[in-house]
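**Q** Here's the letter readout for the chains.
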Amino acid sequence: MALLELDGLTRRYGGIVAVDQVSMRVEAGEVRAVIGPNGAGKTTLFHLISGVVKPSEGQVRFADAPLAGLTAHQVCQRGVSRTFQLTALFPEMTARENARLAAQARQKRSWQPYGGGNIFAVAQRLGDAALEQIGLGHVANRPAGLLSHGDQRLLEVAMALAQQPRLLLLDEPTQGLSVEETAQAVETLARLLVDTKMTVLLVEHDMEVVFRLAHKITVLHRGAVIADGAPEAVRGDPEVQRAYLGGLE
Amino acid sequence: MRPFLAMAAILALMPFGLPPYAMTLLTEALILGLTAMSLDLMVGYTRLISFGHAASYGLGAYTSGWLLLHTDFPVLFVVPLAALFAGVVAIGVAWVCTLATGVSFSMLTLAFAQLLYAVAFKWTSVTGGSDGLAGIPRRAGPFGMTILSTKSGFYYFVLACLLGAFLFCRSLVNSPFGAVLRGIRENEAKTLSLGYNIRAYKIAVVALSYGLGGLAGALYAPFAGFANTELLFWLFSGQVLIMVIVGGSGTLVGPVLGAAFFMLAEHWLSSYTEAWALFFGLIFIGFVLFAPEGIFGVFSTRLIRRARPVG
Amino acid sequence: MDFAAFLLTQCVNALSQAALLFFLGVGLTLIFGIMRIVNFAHGSLYMLGAFVGYTLVRLTGNFWIALLIAPVLVGAFGGVFEYAILRRLYRRDGSAFLMVTFGLALMLGDGIRLLWGSEALQVPLPDVFSGVVFLLDEPFPSYRLFLAAAGVIVAVTIWQFLERTRLGLLIRATSQNAEMVHALGVDVRLVRSAVFGIGCALAAVGGVLAAPLVTASLGMAATVIIDAFVIVIIGGMGSFLGSLIGALLVAFVQVFGNYYFPDLALAFMYLIMLLVLVVRPGGLLGKEA
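Residue numbers (this note's numbering), protein chains in the order written: chain A, 1 to 249; chain B, 1001 to 1311; chain C, 2001 to 2289.
Nothing false has been slipped in among the hints.
Coverage of chain C stretches by chain B, computed from C-beta distances (three or more under 8 angstroms per stretch; other residues unrestricted):
1) 2093-2102
2) 2108-2118
3) 2267-2274
Bear in mind the hints are in silico, worked out from the structure with no lab data behind them.
Ideal Cβ placement from N, Cα and C applies to all residues, glycine included.
Take the sequences, apply the hints, and build the full model.
**A** See the structure below:
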């Protein structure tokens, strides 16, 4: 039984098919990269899995239970944490506070309207640990809005990790990062993923990042899966090459 | 805790120094301060801009006024009862208003206040129509306790409500619940994606905010002896919003200062000119433009340079 | 009166009401579409138009001069306000606009009270439309027919203005991509000031036209601002066509609702607003989801 199963997942917007009969099985502990040209439907796929958008057809099964009908926050509570293409943080809170709020969400009584010393302590511990793992310990007390772009992207990942998810959805984590920042981030992530044996779905444009981190690759083109398998196999697939280079848009 | 105790002590000693006229003004300032503080929960801590807070105030005032006129309950029972009623009604109002976000939310709060205003006008048998309710007694009791009927007695009652509400709000905003409100304020979408049911949080904070606003209104009716449609008018909603912004949103204390400032300005400016509301609108715009953190904000960040509060 | 006549009466009432609401709503939606500003003072500007119109009619004895000049004055006032104050807020978040325009609404309310007093002021109908016209043997105030016609004419004019003129094109382009317009060398700030001024002027037109029917009173702003927002929310913030549809919908609900359930008319409107918000948060034709 795979941790994540997508079955004929489809999403239409009027006449446009953003995601077309996508089926996929992701095993626990696997790092799966989802790649494809711009507009291939990768972010929409994430929206479908995380519950932000409802499918027109097909279903998503997580840990052998359907996610149909769940709202975004409910999907998150099931153990699916994600980051976004456009950095989303709490700019006036410090990095530590950002991470703490993320961890707090998965605590029992996260809504407690009084006291909370205990809840805060546990959440802060988890948050701080995630920041250390990602390598942001040195800026922990800086307001998130004042962090460099690279650190902000990493903070988002740290927040997702602080939630101790079973499935991590990373949407272009290295987007906007410089070459050095990317190299550093990739090394950190590689170590992290091996240490935690985290199941990850990764959308990326940077092929070097993909080949460094992914166990398997799924290629989307115009919303449909055109290739699916080990990195080397996908690399050599002529149809994939055509989709990327052939000028079919 | 210490600044709070100091303030509480100072306010508690007021009846011994001030003349009766000033005591009346101070009591009214405290009631308005409570109203503004209640709105701050929504506006300052959650960025839910409400243009309809008069609804909570008016609801509390009419409820307590009606109960005092038509039943034998003493003020001590009526006030919390009316506040509770306002809070419960607010749950329904909140449920509807939070269907929308941003401007639509604000418009819905205004719409509800206008709806209540229209109802108060038409339902003459209960609300007295455009004349409102008059002759509301500050009924003594229970057990013959007459202290609340006196000017200073009632003042202490109002003070106790304000201080109690302050402690409650402060505990709330420093709790895990409060941390989530802050998340909603800074980035609603992110808070939702972290797994928080933000709709539920919004409904809760609106209900609490309206409940406390209802408490203020419930205190006003026996204080002033009347309740009328002016209390439900959007102008009043706006004035409370101004108190929050000018005083300093997101601080709980700021809005209370804002209310005091507003009352002082009204009292002082109106003796100079008929156009005091005009000037106050100008002052408000000035603050939004140049000092959005309000009086208290200016005081604490620019002059004292305190560290940013955590949590 | 038989059913056909009744229906016609109510329809004329609704259409004339829709015209007034349209003037109100189209300005608001334009301002939002171009500037992302929610102009809380829109109802107060409508009210200002009514009072300025009243004074101009008393000064000149001519309704049409008032109808021409009052909007120009109010529009100019709006432009100045945008230039002096709103311009400083473009970098801030939307709630700042909401609050500043709210401050303006308060100031206008008090200012009007100081200049014109607290009494409702009666503006006489223009002579040429003060009579009745007979349709289906029923008398119709010709002023209402005029309003309905005026609404249509102005709607078409604005539509053509947006489609065919250079400024109209700039306005539409700015609402879609202000940066692009800026990159093309156009001073977007002028476009914004112009739009705000035009929006205010349109509101004032509504006010002047409404004055003979409802009298110029201080309570106008509060009721009318909600009407305006309901229209724009239903039709979609930033959509010209939406403001037209919204105005028609609200006017018909108000007129027919008022006839059958006079006490519930207010509630009906909010009910519709709620329904639309629930079903389509962006309004029927809106740009924001």
